[in-house]
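*Asks:* Could you build all of it, start to finish, from the sequences and the hints given here?
Chains as they are written, first to last, in full-length UniProt numbering: chain G, 1 to 335; chain V, 1 to 335; chain A, 1 to 335; chain C, 1 to 335; chain L, 1 to 335; chain Y, 1 to 335.
The set of hints was computed from the structure by calculation and includes no laboratory data.
All C-beta atoms in this analysis are idealised placements derived from N, C-alpha and C, irrespective of residue type, glycine included.
Treat the hints with care, as some may be off.
These stretches of chain V come out as covered by chain L in the derived footprint (C-beta under 8 Å, 3 or more residues) [as the list claims (entries may be wrong)]:
no., stretch
1, 29–39
2, 50–62
3, 200–207
Each chain, letter by letter, is given below.
6 protein chains.
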Amino acid sequence: MNAGNFAARLRSREQLIGYWVVLDAPVATERIARIGYDYVVLDGQHGLLGYQGLLTNLMAIDAGSSLRTPARAGAGASADADASARADAGTGTGTGTGTGAGTGAGVGSDARTGTVGLVRVEANNPTPIGRALDAGAAGVIVPLVDTAADAARAVAAARYPSPRNTNAAADASGTGTPAAADASGGSTPAAGMGGGVRSYGPMRSGLRIGPVPAEADAATVVLAMIETPQGLANVAEICATPGLDGIYVGPSDLCLSVGGRYPGDPEVADEFNAAIELIAKTARAAGVAAGIHTPDGETAQRYLAAGYTYATVSSDLTHLEEIATTHLETARSAG
Amino acid sequence: MNAGNFAARLRSREQLIGYWVVLDAPVATERIARIGYDYVVLDGQHGLLGYQGLLTNLMAIDAGSSLRTPARAGAGASADADASARADAGTGTGTGTGTGAGTGAGVGSDARTGTVGLVRVEANNPTPIGRALDAGAAGVIVPLVDTAADAARAVAAARYPSPRNTNAAADASGTGTPAAADASGGSTPAAGMGGGVRSYGPMRSGLRIGPVPAEADAATVVLAMIETPQGLANVAEICATPGLDGIYVGPSDLCLSVGGRYPGDPEVADEFNAAIELIAKTARAAGVAAGIHTPDGETAQRYLAAGYTYATVSSDLTHLEEIATTHLETARSAG
Amino acid sequence: MNAGNFAARLRSREQLIGYWVVLDAPVATERIARIGYDYVVLDGQHGLLGYQGLLTNLMAIDAGSSLRTPARAGAGASADADASARADAGTGTGTGTGTGAGTGAGVGSDARTGTVGLVRVEANNPTPIGRALDAGAAGVIVPLVDTAADAARAVAAARYPSPRNTNAAADASGTGTPAAADASGGSTPAAGMGGGVRSYGPMRSGLRIGPVPAEADAATVVLAMIETPQGLANVAEICATPGLDGIYVGPSDLCLSVGGRYPGDPEVADEFNAAIELIAKTARAAGVAAGIHTPDGETAQRYLAAGYTYATVSSDLTHLEEIATTHLETARSAG
Amino acid sequence: MNAGNFAARLRSREQLIGYWVVLDAPVATERIARIGYDYVVLDGQHGLLGYQGLLTNLMAIDAGSSLRTPARAGAGASADADASARADAGTGTGTGTGTGAGTGAGVGSDARTGTVGLVRVEANNPTPIGRALDAGAAGVIVPLVDTAADAARAVAAARYPSPRNTNAAADASGTGTPAAADASGGSTPAAGMGGGVRSYGPMRSGLRIGPVPAEADAATVVLAMIETPQGLANVAEICATPGLDGIYVGPSDLCLSVGGRYPGDPEVADEFNAAIELIAKTARAAGVAAGIHTPDGETAQRYLAAGYTYATVSSDLTHLEEIATTHLETARSAG
Amino acid sequence: MNAGNFAARLRSREQLIGYWVVLDAPVATERIARIGYDYVVLDGQHGLLGYQGLLTNLMAIDAGSSLRTPARAGAGASADADASARADAGTGTGTGTGTGAGTGAGVGSDARTGTVGLVRVEANNPTPIGRALDAGAAGVIVPLVDTAADAARAVAAARYPSPRNTNAAADASGTGTPAAADASGGSTPAAGMGGGVRSYGPMRSGLRIGPVPAEADAATVVLAMIETPQGLANVAEICATPGLDGIYVGPSDLCLSVGGRYPGDPEVADEFNAAIELIAKTARAAGVAAGIHTPDGETAQRYLAAGYTYATVSSDLTHLEEIATTHLETARSAG
Amino acid sequence: MNAGNFAARLRSREQLIGYWVVLDAPVATERIARIGYDYVVLDGQHGLLGYQGLLTNLMAIDAGSSLRTPARAGAGASADADASARADAGTGTGTGTGTGAGTGAGVGSDARTGTVGLVRVEANNPTPIGRALDAGAAGVIVPLVDTAADAARAVAAARYPSPRNTNAAADASGTGTPAAADASGGSTPAAGMGGGVRSYGPMRSGLRIGPVPAEADAATVVLAMIETPQGLANVAEICATPGLDGIYVGPSDLCLSVGGRYPGDPEVADEFNAAIELIAKTARAAGVAAGIHTPDGETAQRYLAAGYTYATVSSDLTHLEEIATTHLETARSAG
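*Replies:* Below, the structure is given as structure tokens:
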């Protein structure tokens, strides 16, 4: 799918599965991008990728994605009925209903399949967010979001200024771009778009998700990580942030945040599970996508069954270490 | 193990297991190097590593290797009784018996465990061979060896000139370096050492396997790939090349060489298996190490059981693709 | 010209023409640097250059610049009569007159021609500003300056602490460095120098623009981008920031800031042109340099004729795409 | 078009237009690849690309190519009537017909549009040829081909061994170069395929042009540069080399080869033009593609009109220098 | 020594000697790491290392460190009697005793020798601090610390959240910075540990200093640079920051801070020396390590004798320039 | 000095002093290039530089060289009276006189000072030689030259074809190597120029040493290493090779070549010294430059006094290791 299509699917809480890359190994990333994942995340925070690594691996994802055949793309995805919840909320505040869906439909009518690249940025800061998007990412996963204000800052960093915000004159033409939806001030998926502070310079992204700011905004997702004690406490407010497309659970930090001595600490399993459940429920109520980081396909499948709408299997480095260990043990075993 | 210890073990046909790296991803290579493999090969021919990649990943192997604990190191290795066959052959030609073992013992008495780095060089050419060794490789796997003359060229490229060869005066002191063994003209493992054409400049390797040429030669292995029709036809002569430490089967090319339309072509399975068996038997008779490239630990285990003395599991790129595919299928399956 | 000479010319509002680089292609940058542009800007915000790219391309500019022949250098430059306006303002506030000119003259008496490198930094943040300058940039273009406080922060980040500020004791010696000028508190070009927060470590720059802080400050320009609604509203205050050498218009973002739906939106042409004119007039009144980003030489020429004192033609990436497209069309046309 | 389609079009002497890249600037290469050129050549001989540069830019071409719309692709191409001449000759000589054509047709029936990447390798040597192809090139341009034997070596380096050559009893001669084995196979486009010495390891190329050797061979073009006095003298024999898909004129070196004191020397214009004409005529007679290096679209168009079947516009570096110079002159001119 | 051992020695004010690297030259860094320095600092602020440079050179330090022999390690180190002062103070304030010491003892009992890598981060910002530690640094030197609040931010950025802080009811205030929580924990070396904001993802560091947060914290040192006028004024408060392991004098900036016109300005020698003395005395009183940057071994030796507990010789770039200059002068001199 | 000037000075056997770089650390290389050495050699054989490293460091040399002041340049150089010997010999053999000298004089009259970059290429092979020169090297040092034929191949690889050789009827033999053609041209410095096989594409070099082949040849030096037993035996014939500008002793390999067990082996000191003396004498008789590799300025000074005309101090890596070791020892010593 292209970036617009991906954004629409994510916003409609369709089930999506991704892969998490920490290695700066573009040929491996390219191969993973053709396997059929809906998205691949490049980890700019804890991963081993500097700016050049992000740029080259985003290119690798595009190269690999072009090799996917339609048959492999997201066959199992199912629209989440709760997506309407958010549109309803939008209706409550005004006239903006349908626009988000409309945008999605418009973009989605281009049914080209493919895998998009996301970046987990190094910090909730406009500079790395802008650079990841200019380099071609279809969206950002923003770490360490503690409050709704943090989430709003992340959203603003990923969106261009809205004509409405800067030049009060009408913008009446209504081209059907997200900006039109903004006119209603509603909280449809596109409602928070525009009004951002992203600086203009879409070096790579302009070729793929369009150089027109409103169109770029419509095709760009912003996902806030819930992983700190404060973020957990404020999850409802964060989910309600206009323009935020979803939240994303970082289980390692979340486990520490509920008192674990280390990621996976069994002594806090109950607290951890309660937090996981709460986050999914809150996102569902808010009508935003609920994502989670997982170590393997089985865990991803389990979380998707339990209410999460997207899940990422992680990571190339740990999987490689794991499979290389297994092969060594097998090779050393008696025949 | 250090490079000298590795060379001694390989020459005595001890069973060794390695891993094959094609990605230029040093942090992954470092992790693999600490798992407990006896060696890691960096593929400079078909792999995605240029010169800088080889250099950095050899450093990564050294960094990762230093994390290995003694308990993990090659516990299952067993000396091959046939190693004596080659020493016997050496005896036949003169007085050189035992020197190879002696050298090995000397080096081996330093029982430090660890994983060494090898390089499959891009070609049988002194330049890439010299650069791989200067960069810190404990040995080279040389592709496309067709004849004993090819093998001799590979050996010469990896060994420094011998004092004997260049300065006819006695060199009578006999320090116990390989050069002394050469005096006998025999075919002990060290017989071909010295007399090479390697140029002096051990930038990284000098720190690890010694700056003294004869010592460096003793700690450096040269392995010839058997993969072409000519190489298969000449395998006995190749194995008999003085100074060659072992042969290494490249099954993909070998399969094409016995008439396969593609690697693994079942129509030539008989021819392929016959070739595999012949090569192992020939190496055993010659007393040199017999290695083979395998896709997984199970195959490696099988070949080791069938007479090969070292086997490499390959590769990071394909294993990563494989495990990522499996995780996606699992994630998409019904719970 | 060397960095000091460039700073003097820019501060005296001489007409200067630059080129804008977004590609990390040092050999191309080197060639552009010898064509005869007064400066080359490396884009660290939207460009495709990470830290290593900035470093290597600054070196490329120095290498290319050394190939320029005197005859090619800035032949068309004409001193702007309004430069005196600023010096006058300086006189009005005290005794600082002439210092800026004096510094410029001293540096300028070294009439070596050449092209200097500037960096458009990724953010108004001391870290990237300091690293660009340490790497050898003759100045920085700082994006997204909204207020005079923002501009002052940019200036401080690019200047070393002043002795006066830190050690109240006299500093009476008056070496004629910019710091002496600071004593007057005036608004001469050097008035804002010193008093900064730049940390000392001029790895590359020390060789070219001097390791002595005051001299480095004198040879370093700080240019604030006017591109946001707030920046436009505050342009007069920004221009009045002590130590700021000039402003720089980012037309794409500025167009969005006046309500455009996309850069170049014809519906806001009047607002856009009014803003452009206002900015030039304000800079002229303040006696600081007025620069602008342009897509081609013709536009640059037009803005210079209309009151801008420096203009940058942008960019290598778009020009290359453009010329390659033209060649393809020509090649495909009937002969 | 994909690699197979490109190969089929080139072999049928359809008119193709390419672009020549010497800069290691992947984002620029990606943009050029989407403009609509039939191919982009990465210059590994005189260009500024090392191995990593070739690898990344081949990936960039694939990424950019996926953005091309069908409408832009090669509309002006016209099949060359002489292509049949070669097929006839092949039929005439015997038993080789069918296989190559069949494979080619199969691949060619996939009419996906796009731009392929070629590499002008650094030397006529199996190592750089194999590495360029493994890295994903759809073909190689081989410099400094002096003789038919040189051309045969280039072909062999780019083609996998043929089952027929290696398994069949017929390969009795021992030396059996591919050319010898091919003698029976005629001169159909695919006739020289197989029988090569390429080693198996299609890291990136396997995903795009198929891991099956015969299919990869069918989708891989080999082009010999005519640029030396000897190459010019032997052009007919070179064109007749089985498996060679075309020749490519290097005008700079060719001009020196006909006695020019520098490329473009007017004193040897007659000799140069005669050589150019001779080469085109010879290629046409042999039924192979005739390509030429040109500085601009106009020259490319002229050569295509004059009998060349493909032409490359060169290069990013010189075009960028040229356009930047023009912009500076315009900016400095009076308005 | 491993990272835990290094931290214990630094905290006990043992004398340690380090080397300062600004070049991105991993093979040189590897060699320096085996010479026998207690630590090597990679300069991420003024040095020529981007993120990839830090990562690769940290790996180089680990590779080089593994070559050190026990005999060479820190022979001259002597425990500082004042280290007990701090532990006492910790005991006096309450319940925090034991944990830090226990962890330290456990780690310290592993007396493996070696050289650890530190990073002088580009700014007092959680992102570069976290990335340096994830990449394998045993600690960070944080520039431009002006206040105790700055120091507390640096400490928090380098430490994982403490279970106590996040799970316990006591964290009721909401804002609850780690420092507040630590107030009860005393000022033992480990007292400030935990309670940080470091995000979990120890890609390289996890292999060496343990993936368990509390253990990683125990093995990670945080050092605050004293170099600004404010920092100098607040040095006692900074030294008292819970969790801070030491301070580090940056003489160049410190000299400017006491009014020097340039680093080493003789006119402020008295002020400079007074500051140097004050800082050492303050650190000693607080029981934290006192470090300083020096140009050569002689100066390092002098400062160690004068009360500093660790000193870094700087740098590869200036030393290389210096020795190359000396060799040239010698070579040009008459024999 | 520029490349032409350097070539002229080297050919006239003026005394020149260089520095040897093995690290890929461009900022260090840039600094070394401004110290005042006549040349800097980048080691592409044993050094840690791949192609990108050579390219970037050649640029660094040009950047650093532009900072040299005239006063520092080569003050001590003294023309060698024997230079006339060679010119005489050249005159004696025929018609080739004048061109080389004329070109040299023209270039030399530009007395701009500076440091040029040379490359010790990885092998005596036209590909790395051509790439080093295209990347901007002023000359090549070619390793492992055994015979005059080897030297002639090196010369041919570095020189463009001569109009005379390619256009003249005389080239009737067909094989016509340059050496044959040169036979008539005598042994003036320029006699061997032209007649080479260098392919045209001076990407960086064209800007500095001219795009006209004959001019480029005149400004390009070719130096053959004498380091093997064969090279030593054939040193007179090698020195007599037309177009060869000098020889260069590699003492490490030469010591092994005279029977040393390791570089510097005292047991072969007499043989070594005899060889050193013989080589210098032979070069002097042949009128070519005699260079040698040395570890320090003192040794360089000694060899220059003993008849060598240029000497290189080596290397950045060992000097850095040495000075860092000294600083550590000093720091650890009692005060």
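*Asks:* All the hints need checking, so say for each whether the structure fits it.
*Replies:* Hints versus structure:
Proximity of the stretch 29–39 of chain V to chain L, defined as three or more residues with a beta carbon under 8 Å from a beta carbon of that chain, is established by the 3 residues found. Given a C-beta distance limit of less than 8 Å, the hint that chain L covers the stretch 50–62 of chain V holds, as 5 residues qualify and 3 suffice. Residues of the stretch 200–207 of chain V lying with their CB closer than 8 Å to a CB of chain L number 3, which satisfies the three-residue condition for coverage.
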